[in-house]
Structure formats: structure tokens, C-alpha cells
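Just so you know, the protein sequences line up as chains Z and R, in that order.
First residue of the first sequence: 1, per my numbering; consecutive thereafter.
First residue of the second sequence: 1, per my numbering; consecutive thereafter.
Hints may contain errors.
Covered stretches of chain Z, going by a simulated chain R footprint (3 or more residues, C-beta under 8 angstroms) [stated by the list, open to error]:
#1 46-60
#2 164-175
#3 205-218
#4 234-240
Don't read these hints as lab results, they were simulated from the structure.
We put the beta carbon where it would ideally sit given N, CA and C, even for glycine.
Now for the letters of each chain:
Protein chains: 2
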Amino acid sequence: MNLTVALDAMGGDHGPSVVVPAAFRVLAEHPELYLIMVGNQGILEAELARHSCPDAKRVSMVHASQEVRMDELPSQALRNKKDSSMRVAIDLVKRGEAHACVSAGNTGALMATARFVLKTLPGIDRPAIIAALPSVTGHTHVLDLGANVESTPQQLFQFAVMGSVLVSAVDNISRPTVGLLNIGQEEMKGNESVKEAAKLLAASDIHYVGFVEGDDIYRGTANVIVCDGFVGNVALKSSEGVASMIGHFIRQEFRRSFWSRAVGFIAFPVLRAFRRRIDPREYNGASFVGLRGIVIKSHGGADVIAFSRAISEAIAEIRKNVPERISQHLESVLSQAEAV
Amino acid sequence: MNLTVALDAMGGDHGPSVVVPAAFRVLAEHPELYLIMVGNQGILEAELARHSCPDAKRVSMVHASQEVRMDELPSQALRNKKDSSMRVAIDLVKRGEAHACVSAGNTGALMATARFVLKTLPGIDRPAIIAALPSVTGHTHVLDLGANVESTPQQLFQFAVMGSVLVSAVDNISRPTVGLLNIGQEEMKGNESVKEAAKLLAASDIHYVGFVEGDDIYRGTANVIVCDGFVGNVALKSSEGVASMIGHFIRQEFRRSFWSRAVGFIAFPVLRAFRRRIDPREYNGASFVGLRGIVIKSHGGADVIAFSRAISEAIAEIRKNVPERISQHLESVLSQAEAV
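Only chain Z is shown next, with the shape it has when bound in the complex:
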């Protein structure tokens, strides 16, 4: 089966200078992959000309006259940027000309546009952002990472269904474990929203393992951890902050004196092996789930390796037909609920 992915080539901090080499990198690994570059034709042609690539025949181009700025209001981008690279890439998915799209652009605008163009799946109130974070035992998928600032218990339940189906498909786990993020494991803890969501989950066919806490993300206590977007975003950013501070302190200590520099030189291969295990680039590519189509958000500052990873995520989700699976699972959950 041929796969086609549309790339918002103008999105992110680096635009085509990252998107084009990342595209060629992924094309070399996937002979069945076709890519559509969406963006300013002149700029794209210049960037493509800078690379000689045997896979260039599997790259096509679609011109878009506008770009969405990183600080633009989602509502304004939706209204005023109907020919942006982001919008045109999503339109390609809507029209069935691409199986998925990948963008490193403005998260809010990408979500608003994707929701407007593709629509949500039946039974889903709000899409969510899901990504894999590293854990001691492998990785943990967490959602919502910031699409919604508040969530009802029903929405948290929908997040759990979407997360469970996605992880089941992408990680080949038949019944992924799902935990609900709370501030204690005891049943009486937490706000009304998580308490109510816990009841819905316990009564469902989801493999619900109960309340989990922030540190459980990195312990691998559950395959999927569910929370509202405000909490998930703070957890993600706090975690990035700690990891970055620790990296800073390690570098500082190894640069403190001649002796520690020498030690750092000797320890370099070990430290590099360690860094690979928590390399945020390996975890780039968050999915917008709950839409009638596959949209992958890359980090805005992604480099070539990180953006390649986001394209690979799109390929994995196309192969596993994630939106269709979520839709089917939701139908069975909803019909069960009606039968009760």
C-alpha cells in the first residue's frame, strides 16, 4: 500500500530547511512513502534544489501563499489564513489526497484548523493531544497535553478510549492499561471531575488501573495516562524543565575544573548513551486524536531527526488506521452504554 503524507513545509521555527532534509531522510527508509510538500513554491524549489536525493520523484509540491505565525491567534489563523501551508496540508487530508499531515506550526491554530476542516469523530466532543513520554520501562502515552483547558468526566472518559485504542494499535498491546492522573491514589482524593471519570472508567471495558500520580508517568505504571489539557501541559513542561536543568547541572559540573573536564571527556560515551535514552527528539510527534483524519504536531523547534520522527509517527498511524479504529471502538462503547 502506498502512503501519502502532506507536510506543512513552512511551519515551525526552521521551516523548509528542516522539513526538506527530514523528508528525504524518511523517504529513504520507506519505499512505499510519497510526500507532498506544502508551502511557498519558490522557497521550496530552492530548498529542494539544495539536496540531491534519489527519492525526489516521490516528492510533489503544492503551493500555499500564506503562513501561520507562531504567535497568531487560532481564531484569526482560521479566518484569515485560508491559503496557509498548514490549512492546505489539512485540506489535502480532508480531500483524501493525503493519508495524514505533519506540521511543526502553531499548536492552537493547527488544532482549530484541523477541527474545523476534518471534524471530530462521532461520539467525541473534543480532540486531544497525545504523545509518548519516556519511562523506566519503555514509554507512557499521556493525553490531553494541552488541547483543552478543562474537561468534563465524559471527555476524560473519551480521552481514555482514544488513548487506549491508539496505544493498542501503535504499540501492539491488546488491552493497554489506563490510569487517571490524580493527586493521590486513594479513592477520596481529587476533584469531582476525576472522581466521576473514575466511575465511568471502572464501569467500562477499558483496562482501567485506577488513579496514578505525576511520577507514575515515568515509572511506567500504566500504558496510557489520562488528564485534562491544563494538567497534562503543566506536567509535560515541568518535566522538560527538570530534564533541562539536570542537563545544565551535569554539563556545569563536568566543566568546573581541568580534572572534571578530563573526566567528562572519558565519560562522554557513557553520558551520550544516557542522553540518547531521554533524547526528546526521539519523542517528537504528538498526535491530535479524535479527528476524522491523522494530524501530527511536531515540536516547533524540531531539528531534522526530530521532524523525521514526527513523519514516522504519521506513517505508523496510517498503517494502523488509528482514526477508523477509534471510531469503531467508540461505536461499540456507545452501543453498550445504550444497551444498559
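Got chain Z; can you put chain R on it based on the hints?
For chain R alone, coordinates are given in the frame of chain Z:
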């Protein structure tokens, strides 16, 4: 001025076996300090007898016949454990026989009991938990870390006042910077509660610096970061989780082969220096602010060094008369609000 601190000697995972040696450690550093050990007299006497300490004359004992279990419901502890070591220690603060109390016991029970016995300060709806977390530039005080599962904009504003006054007193900063934790720095982002709190802060005499994100805790963007207790607790636990996972990976990489073990041996002093900078024991001792008295919560699993740190926090807050300062500042804020 003599200082008296009451210690809940039975609290935490280790009870007197940690509290007693920690007490002697801190007594040696503070000749003006008097400590009251509260707990089972037989057990305490046995533990005290195991240590010979020149400062033993500055230790007194108050018997308490009960203990609050770590998993006990706060409401049940309050109702059924009126002679618990925790309750008796707080009663000593209430009666003015101690200037502060320190407990490593059940957080919920400690907060409920402290609130019931000591009462909140005028103008404060709900007490909050505040602690210093390490940052690239020093440390950042964050509140609320879990006393409240939801907060109104007015309560977030009160947290900001309390945090600002505490940091001003303890860190000798005349006008500490205060940030409001959100999921983006733009004004349109976030839920209604943080947006409304932002308006209250911008109109106040607090040195408010705007919205901050999770990673700003560790960047040192603001002296004080304010959030509701659910979000704060998740941020704290996620951060602990990441730090612990990174520590695990570092140890694993340095144990992978004979060569990496040898490198680890050479790198040990550097790695130790690094670890000291993020040693969670150095950050032990969270304050319950907003009460008519000083209550310090130590981590339940605290060792001697960590528990000593919690006692030192109590001493610092007594010296700076933190509750009185918060009360005075609130009065001036409230009278300003009335004048408008």
C-alpha cells in the same frame, strides 16, 4: 530569643528513629533552640537513650497516646485521634508553648488538624502548601502543592500574597517576582480561573510578572509561582518522577560494562557534586501558609538530613515571624481594596 519547636516524633515512615537524631543534629547548630518531642513516651525514651547528646537538656517530652496512620482519612484522624502525636504537637503551637511544629505524617490529616486547631488568618479562605524547588538560578517557591483540589481566582490571589510575603521574609527579597502557572504565556490562554486571577494580580501591589509555564519553575523565571493544588501537586510529582528516572538511567549506563563502571568510578566525585545540587533532601520541608501558626510538613520518607532541613525551615520562619507578616500584608491589601 529562645525558639521552641514541637516535633511530631511518631510521624512519617521512620518515626523516632529519624526524628530523634535529626533533632540532635539541629540542636547542635542552634544554641537558642528548644525542642519538644511529642509521642509515645516509652518509645521516645528508648530512642533518646540510644543517643548521647550534650544538648539533651534542651529536649523535653510530651506524651501522646495515639498515632495518625499514613493512609487515614483526614476527617477520621480529626475526629478519632485527639491524642495523636500530630494533634498534640499542633496544640502546643496553639497554646503558645511552641513557636512552630514539624511533622512527617499524613499530609491531609496534618492540614485538616492544623486548620481546625490553629484556624486560618483573617482574609484567607484556604491554607496552601508552599515549598522551594531547585532552579538553574537558585530556587523557586511554588504554591499550592496540593492542599486544595480547586481554587477560585480570589484564592489564587491569596496564594500569591502569602507566597510573596514568605519569600520576602525567608529569602530577604524586598519585592519577590510572582508568576501565575498557565499553559502558555499569551493572555488569551488558560482557563477562566487563571485569567481572572491574572487581573487581580495585575491590579495589586504584588510584583506580578505574568503567566509562566511548567518549565519556568526550573528556569528561575519568578521567585514565586502560583497554581491550584491539583496542578501544583502534579507538577511536583512529575518533576520527581523525571529526576528519579534520569538518576536510574545514569546509574544503569555507568553499570553497563566493565569500562563504564571504571568511568563511573572516576566520574564519581563529579556526579556526586551534581547530585548534591538536586538533592531532594535539601528541599525538604514544605510550609502550610495561611494559618495562625507555623506548621512544616516533612516528606514522609525523610531521612535524618531531610528531617533536619524541615526543622531548619521552621526556625527560619519563626525568626521572620511569617504568619504575622502575612496577616499584616493581607490587612493592607484588604484595606486598599476597600478604599477603591
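Checked hints:
no.	hint	in the structure
1	46-60	violated (count 0)
2	164-175	violated (count 0)
3	205-218	holds (count 6)
4	234-240	holds (count 7)
When each numbered hint is compared with the structure, violations occur for hints 1 and 2.
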